[in-house]
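S.K.: Take the given structure of chain A and dock chain B to it, following the hints.
Heads up: the sequence lines are chains A and B, in that order.
All letters in the first sequence, in the order written, are residues 1 to 225 by our numbering.
All letters in the second sequence, in the order written, are residues 1001 to 1125 by our numbering.
Wrong hints could be hidden among the right ones.
[Stated by the list, open to error] Each computed DSSO-like pair below joins lysine-lysine, with the alpha-carbon atoms no more than 27 Å apart: (1) B:Lys1039 to B:Lys1027; (2) A:Lys84 to B:Lys1078; (3) A:Lys145 to A:Lys189; (4) B:Lys1003 to A:Lys82; (5) B:Lys1028 to B:Lys1039; (6) A:Lys163 to A:Lys84.
[As the list claims (entries may be wrong)] Here are the simulated distance ranges between beta carbons: (7) B:Lys1120 to A:Lys106: 42 to 48 Å; (8) A:Arg7 to B:Asp1081: 32 to 38 Å; (9) A:Val6 to B:Val1111: 55 to 61 Å; (10) A:Val6 to B:Ile1042: 35 to 41 Å; (11) B:Asn1123 to A:Ile47: 15 to 21 Å.
What the hints contain is simulated information worked out from the structure, not anything from laboratory work.
Here a beta-carbon is modelled for each residue, glycine too, at the ideal position from N, C-alpha and C.
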Amino acid sequence: MLVIFVRTIILYIVLLIVMRLMGKRQIGEMQPFEFIITLLIAELVCIPMTDVSIPLSYGIVSVIAVFILHQIMSILEGLGDKIKFVISGRPSIVITPDGVVLEELKKNNMGVSDLIEALRNLGYFSFEDVDYAIFESNGKLSALKSKNTSSQTLPLLLISDGKIQKNNFELREVSFNELNEKLNNKLKKLKNVEALTMDENGRVYLKLRGKKFEILQYERGTKEC
Amino acid sequence: MLKSVITTLLAIILFFGASFFEQRYLKKTFDEFYLIIEKTEIKLNGENPSSEDAESLKIFWLEKKRGLHAIIPHNDVKEIDLWVSECSAYTQKSMYDEALSKLEVLKTLAVQVPYALIFKFENIF
Chain A
1 MLVIFVRTII
11 LYIVLLIVMR
21 LMGKRQIGEM
31 QPFEFIITLL
41 IAELVCIPMT
51 DVSIPLSYGI
61 VSVIAVFILH
71 QIMSILEGLG
81 DKIKFVISGR
91 PSIVITPDGV
101 VLEELKKNNM
111 GVSDLIEALR
121 NLGYFSFEDV
131 DYAIFESNGK
141 LSALKSKNTS
151 SQTLPLLLIS
161 DGKIQKNNFE
171 LREVSFNELN
181 EKLNNKLKKL
191 KNVEALTMDE
201 NGRVYLKLRG
211 KKFEILQYER
221 GTKEC
Chain B
1001 MLKSVITTLL
1011 AIILFFGASF
1021 FEQRYLKKTF
1031 DEFYLIIEKT
1041 EIKLNGENPS
1051 SEDAESLKIF
1061 WLEKKRGLHA
1071 IIPHNDVKEI
1081 DLWVSECSAY
1091 TQKSMYDEAL
1101 SKLEVLKTLA
1111 VQVPYALIFK
1121 FENIF
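So here's chain A without its partners, still in its complex pose:
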């Protein structure tokens, strides 16, 4: 019993550390320690249930161990914010009025495309549509709608963290050089481009590293932007 108990505790702690290191992307609607319990319980119960060579007591002991760990984690979380942040992590502000915060996304092992996806799930199709977006510690995204809402067309991510999204460039029927030219060589240092989206009307959202985001208008066939 004690051996199984200690083994369960060790694996639980290892899983908790790994989940915390993986970032919020892997979690959905649960705190990391709750997510681990959900993962573990099914397996712990299933194995002694189906394998008759394993005494049922092994499954019961493991489940009790998980229950004790869950209770301990809940108590620790209630003791203070510092402990809570260590166990469950802290919310990450990924969009501010200045634009996308790439560092926060990276801390959570996410990219700009993941953020767009999460925003679309909330009903926002453009970064401009929100003033603030926060990835909660349970992996859910919360967003505060912007007062100045944008266009009604779908923006596509053309550059994410300095990387060109070829497919999206093709879909928008625009080349990088052409876009760069019309944006007055603002994309010259590609590494500095944290996010660039463009909608069907040529409305461009550009977020350069360390700068507030800009809204630009791309017009086909003309040099001006």
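M.R.: Just chain B now, with coordinates in the frame of chain A:
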């Protein structure tokens, strides 16, 4: 909060109590089992071994294995079952040398099976 603390402490106390009982029960049962194996070995090694000498070993094992099923893997119980049956069968057929070799295996199992469940570094990792 207080309710959580009490339930957690209660669960921990009950758990450690049960673990303590389990470890003691295992040690006691297998120590007795080992002693009976040794007694059977002495009888079979003696001047006048009889076909009934392994009976006490078989009876003891059949009595204890029901409780042990809840603690040790069923495959371990099955393994001991097989060796006990073989030893008993050889003794009944007066094949004492073969029975003695089975007893040696049983002695090893009587040490190894509970050892695997003892709280030790090598059993945890």
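S.K.: Are the hints correct? Go through all of them and say.
M.R.: Structure-based check of each hint:
no., hint, result
1, B:Lys1039 to B:Lys1027, "holds, 18 Å"
2, A:Lys84 to B:Lys1078, "violated, 48 Å"
3, A:Lys145 to A:Lys189, "violated, 31 Å"
4, B:Lys1003 to A:Lys82, "holds, 23 Å"
5, B:Lys1028 to B:Lys1039, "holds, 17 Å"
6, A:Lys163 to A:Lys84, "violated, 35 Å"
7, B:Lys1120 to A:Lys106: 42 to 48 Å, "holds, 43 Å"
8, A:Arg7 to B:Asp1081: 32 to 38 Å, "violated, 27 Å"
9, A:Val6 to B:Val1111: 55 to 61 Å, "violated, 22 Å"
10, A:Val6 to B:Ile1042: 35 to 41 Å, "holds, 39 Å"
11, B:Asn1123 to A:Ile47: 15 to 21 Å, "holds, 18 Å"
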